[in-house]
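Let chain A serve as the given structure and place chain B on it in line with the hints.
Next come the chains, spelled out residue by residue.
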Amino acid sequence: MSNAIGIIFANSGSDNLQGLALERPIAAVPFGGRYRILDFALSSMVNSGIRTIGLVTPHQYRPLLDHLGAGKDWFLERKDGGLFILPGVMHGLAGNNHMFCIKDLKNNLEYLQKDFVENVVISSGDQIFNINFRDSLEFHKDKHADVTLIYKALNDSDDDSNSKIFLDLDEDLKVSNIQERNGLEKEGLNYPFFVNILLIRRELLLDIIEKYSSFGCIDLMNIIAANLGVLKIFASPTSSLIRPIRTIKDYFDRSMDLLDFKVREQLWLGVDRTHTKIVDNPPTKYTSQAKVSNSLIASGCSIAGEVINSIVFRGVILEQGCRIQNSIIMPKCRIHANAQTNYTILDKSVKVQGENVLKGSENQPLVILKKTVI
Amino acid sequence: MKRQECIAMLLAGGQGSRLGGLTRNRAKPAVSFCGKYRIIDFTLSNCTNSNINTVGVLIQYKPFLLNSYIGLGSAWDLDNPFGGVHILPPFLGETEGSWYNGTANAVYQNYEFIDYYDPEYVIILSGDHVYKMDYTLMLKFHKEKKSEITLATIQVPWEETSRFGILSVDADARITKFSEKPAQADSNLASMGVYIFNGSTLKEALIADKGDYLSQNDFGKNIIPHQLNQGKRVYAYKFHGYWRDVGTIESYYLANMESLRDGHFLNIFDPKFRIFSNEDIFPPHFVGETAEIENSLICNGCTVHGKVSNSILAPGVYVGEGVEIRDSIVLPYVKVHEGSIVHRAIVGENAEIMSQCIIGAQGQGAPAQEGITVIEDYHLIPEGTVIEAGMNVCRSRAI
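Chains as they are written, first to last, in the working numbering: chain A, 547 to 920; chain B, 306 to 704.
Bound conformation, chain A alone (with noise of 0.2 Å):
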């Protein structure tokens, strides 16, 4: 049994998506196929032992709980621990721009007091990874640390157009230096970076609660960072690939990368899978007009028109004569005959009707919001 139960923080929102995040969190935005970019985080977790996690929704929580249920496809509904729910401070117009806000956690004081637990994992639910954390429980145990930072070194494949925190380290992995930048300012590479993933001791983190909740809302990495000398922090790496999603962009590079091999090696093709919602569906049914080539096509999909790079998530109906290329067709969408689309991400249950031709392009492109007729 792990001694550590989980957070997710799975109320961040963005105004960069375009509307795939307009009415929900960007946890719950369809990724893969089959999954919704929680499911990462809460695998991750699942498969590190920890059975006990915490969810923090936002103010448009339907499509996470219609996603998770009560936890059963992720084992998490159970007697001791299981999933908790943990309502969110409501933002107003201004919005949330704090990754892991002291607020969210205050007003779901007793899913921290009531367990008996050592520790806290505490993770963004907007990224896409799949990292087993076992090995950062055990150096924060022989560390004996108030907290550890899981970070990567920055290299090639990582995107940098989003800021990070930077760490700086001593040689025994403490962390000396914590600051926020724009990833293309750093110069050099191998410079670590943190993830959004981090280790804390459970009372610890209730004192800091009940230290700073007066402040409102303040990020915890704030309160981390301004008490660098006082607390043992720790950095623990990881070569695992992890990507956020944060633009339109970002959600579409990330989804492309899926055709290549070894993205999909690291992420799903290991002992540890990826969990989501079993649905049940039967599988994908190619006609003999079906021309597939380079994509991702999940189950319960009728195939009668022609894929080229593409991810085409389950249930989706492809008509006779359409063409999807370098698109991304979500659940439930039906694309009728000779219909086209390139560079185009249609959202959940859209019709295209036939003869349409959707166009896109590669640095921009185009979303169709769900239950869109075309």
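One should not assume that every hint holds.
Claimed, not checked - Cut-off 30 Å, straight-line C-alpha distance, at most; resulting in silico cross-link-like pairs (DSSO-like, lysine-lysine):
#1 Lys897/A to Lys577/B
#2 Lys837/A to Lys878/A
#3 Lys894/A to Lys916/A
#4 Lys577/B to Lys823/A
#5 Lys618/A to Lys437/B
#6 Lys577/B to Lys878/A
#7 Lys612/B to Lys808/A
#8 Lys823/A to Lys543/B
#9 Lys543/B to Lys878/A
#10 Lys916/A to Lys640/B
#11 Lys577/B to Lys618/A
#12 Lys640/B to Lys808/A
#13 Lys837/A to Lys612/B
#14 Lys878/A to Lys486/B
Hints were generated in silico from the structure; no laboratory data involved.
Quick look at chain B alone, frame taken from chain A:
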């Protein structure tokens, strides 16, 4: 709150020896079907869709994989506080106890289980049929006719009557005659192996059967004819729809292939009558640049780089570059490496076909079992092997 109106007894203990290598390591109900399913999914889903939430599964032959697949029954929503799935293996008592000796004997030995729920009706099911059926309609018929035993029946082509138990009925659908596999049939109404008994009738019938030393303790061969002779009210419920016994290589192959047809009766895509299954979690399947897929069913977790036509790929199958798979059923986790050809074959679970093999090659003379080649589970076919059509390829010993 133990008492149930109707409970199901699911016969899943048979060896299924006519499925060759497919049942060498597992009971027939646990054999993969139509890609993502296993044969027992259909019967268990029928129970769920018919509000029967207490199911006794009678097991005997190589039960491990079947048991672990069924688990608590939660995949079929059968994990129910007032019933649920019960695995019923043969057991020893103080003085008695033996292996299950025939279908009726298996139910007889578990009469304590039936008594525990004290049901008004017991439905006897078979774990090796593929069909979608709402048992509530049959139960309604049973009640309306004040029947003591009701048999589900289906019309079969006249030329096939000699393969089934054939029934003659009067105008009221009451059965007048039952003949097991008759040479000359006077009806084409066949028993589907699905029976509803009044609880009390079943108990009497089983006790009488136990006392009869000449009996083979089989529902079809002994119990039904005997009860009919006793003048019991035995009725035939006519089922209209798709039903297949997949007990032989040929029928298993045919039933799988039928599911590739458009507008198929089984209609696995129907959301109102879903077939549930206990699937392993896999990412979506990947179709490579060199792949060509035609008229096929492909499951999650597959990787396809070769040609696949008129075939079914179960979850987790790998098809390498230059591979050709035609008219075949490829079961879970199979790997087919570069340049191999698989034609009209059933490739068992976890089997691995190395590169440049030919499975189902045209041999001399007419091939056996309609030219269907079967490769046993976990078998490794070395590079460059040629296997003639109609062969049953087994490993030297079962695991």
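So, going through the hints one by one against the coordinates:
1. Lys897/A to Lys577/B: holds (22 Å)
2. Lys837/A to Lys878/A: With a Cα-Cα distance of about 20 Å, the restraint between Lys837/A and Lys878/A holds, given a limit of 30 Å.
3. Lys894/A to Lys916/A: holds (5 Å)
4. Lys577/B to Lys823/A: Status holds; Cα separation ~19 Å.
5. Lys618/A to Lys437/B: holds (27 Å)
6. Lys577/B to Lys878/A: It holds: about 16 Å lies between the C-alpha atoms, which stays within 30 Å.
7. Lys612/B to Lys808/A: holds (23 Å)
8. Lys823/A to Lys543/B: Outside the cut-off at roughly 38 Å; violated.
9. Lys543/B to Lys878/A: violated (36 Å)
10. Lys916/A to Lys640/B: The given pair, whose Cα atoms are some 38 Å apart, is violated under the 30 Å limit.
11. Lys577/B to Lys618/A: holds (23 Å)
12. Lys640/B to Lys808/A: holds (19 Å)
13. Lys837/A to Lys612/B: With a Cα-Cα distance of about 11 Å, the restraint between Lys837/A and Lys612/B holds, given a limit of 30 Å.
14. Lys878/A to Lys486/B: violated (47 Å)
The structure does not agree with the numbered hints 8, 9, 10, 14 stated previously, though it agrees with the rest.
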